[in-house]
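Chemist: In order, the protein sequence lines correspond to chains H and X.
Last residue of the first sequence: 187 in UniProt numbering, with the numbers rising by one and none dropped.
Last residue of the second sequence: 187 in UniProt numbering, with the numbers rising by one and none dropped.
These are computed hints drawn from the structure, not numbers from a lab.
All residues carry an ideal CB built from backbone N, CA and C; glycine is no exception.
Misleading hints may appear alongside valid ones.
[To be verified] Per the computed footprint, the stretches of chain H lying under chain X, defined by three or more beta-carbons under 8 Å from a beta-carbon of chain X, are:
#1 27-36
#2 142-151
#3 174-183
Protein chains: 2
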Amino acid sequence: MGRWVPGARGRLQRAAMELYAERGFEQTTVAEIAARAGVTERTFFRHFADKREVLFAGQEQLSELVVGALTDAPADLSPLDAAARAVEASAELFGERPDGPRARQAIIDAHPDLRERELIKLEGLAAVIAEGLLRRGVPTAAATLAASSAVAVFRMGFERWITDDGDDRGLEELIREALAELRAVTR
Amino acid sequence: MGRWVPGARGRLQRAAMELYAERGFEQTTVAEIAARAGVTERTFFRHFADKREVLFAGQEQLSELVVGALTDAPADLSPLDAAARAVEASAELFGERPDGPRARQAIIDAHPDLRERELIKLEGLAAVIAEGLLRRGVPTAAATLAASSAVAVFRMGFERWITDDGDDRGLEELIREALAELRAVTR
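Using the sequences plus the hints, can you model the full thing?
Modeler: Put into C-alpha cells, the structure is as follows:
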C-alpha cells in the first residue's frame, strides 16, 4: 500500500489535465503525472486504475449527489421531475465555469475508447437514477424511462454549457431548459 | 448481396451464434467459425472485422431501415412519432421470434466489452435518427431529444420482447407501448 498523501488525488487530477493539454493524452505517462503531482506512481494507482480513469474521477461523487437529490426530492414530485432534480444536482460537481469540463470533454471526444468509457459511465448514471426512483416507489418502466430521459437532458444541457457561444447561463439552468424541450418534443 | 438465401455472410453468422452458444464466446475462434460455415478465415475477415462484429452485423441494415422509415413518414408527423416509426421499422430486421435475439443479447450482456460496443451502436442509431429528423426540417435540439427518446423506447420494447414471460406480442407493439409510457412519464 502506498502512503496516504493528503490532497494527492486532487493534485493528480490537476497534473493529468495539465499534461493532457500540453502534450496530448496518448503521449502522457502515469510516471509523468505522478512526478508533476509530486507523488509516486504507486500513489497514482492507489487513486486511479489507469490514466483514463482520471478523466472520470468524479463518477462516485456524481452518484452520491444524484442519490442524495432523489432522497431529498419532495415525495409528490413526478418521476421525471425527481430525475431532473438529480441531474441538476450534478452541477455542483462541475463548478461555476465550463473551462475545465470543456477541456476534459475535448480529450474524451478525440479518443474512441474514452467515448466508450463515457457512455458506460452515463449508463451507470441512468442506472443509479432508476434505482433511486424505484426506492421512491416508481414502477420499473417509468423509472427506466424517466432516468434515461434525465440523462438525455443532462447531456444536452452539459453540451450547451461547455459550448463557447457567449451564453453565460449555468449548467442547472441549461438542464432545465433541455427538460422543457424534451417535454415539448414528447407532448 | 441482400438476398435472403444465406450466402457466406449468413452462414458465418449462423455458425458463430451456434459456436458461441455451444462453447462460449471467448472459447470460439474465427478459424472455428469459418470452418463450420465452410469458408476460409480470409472470407470471414472480408465480412467481419472480428468475432465481436458478427454480433452487430445488422447495424447497416438497421440504419437503412431507419433512414427509409424517416423518409417515408408523413411530413405532418411529430418528430417523436417519426423517430418512433423509425425504430419500429427495425422490427423487420429481428424477425418474428425473439429466440435468436435473446441468445445474442445473453452473450452481449455477459461481456463488458460487448456491452460497450452495443452502447456505441445505440449511440450510432440515435445519431442516424437525429440526422434523418434534421433532414425533415426538425430543429437540432428537438431532433436530438426525439432520437434519444426513440432509442430509449426501442431498448425498453426490445428488452420486453426478448424476456421470456409468456407475452406473445411483437416487437413493434412493445415499442409502441413503451412510447406511450414515455409520454405518460414526460407529461
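Chemist: With a C-beta cutoff of 8 Å, work out whether three or more residues of the region 142-151 of chain H approach chain X closely enough for the coverage to hold.
Modeler: That given contact holds, which follows from 6 residues of the region 142-151 of chain H lying within Cβ reach (below 8 Å) of chain X.
Chemist: For the region 174-183 of chain H, count the residues whose Cβ lies under 8 Å from any Cβ of chain X; is that count three or more?
Modeler: holds (count 4)
Chemist: Cut-off 8 Å, C-beta pairs, minimum 3 residues; does the coverage of the region 27-36 of chain H by chain X stand?
Modeler: violated (count 0)
The earlier numbered hint that this structure contradicts is number 1, and it is the only one.
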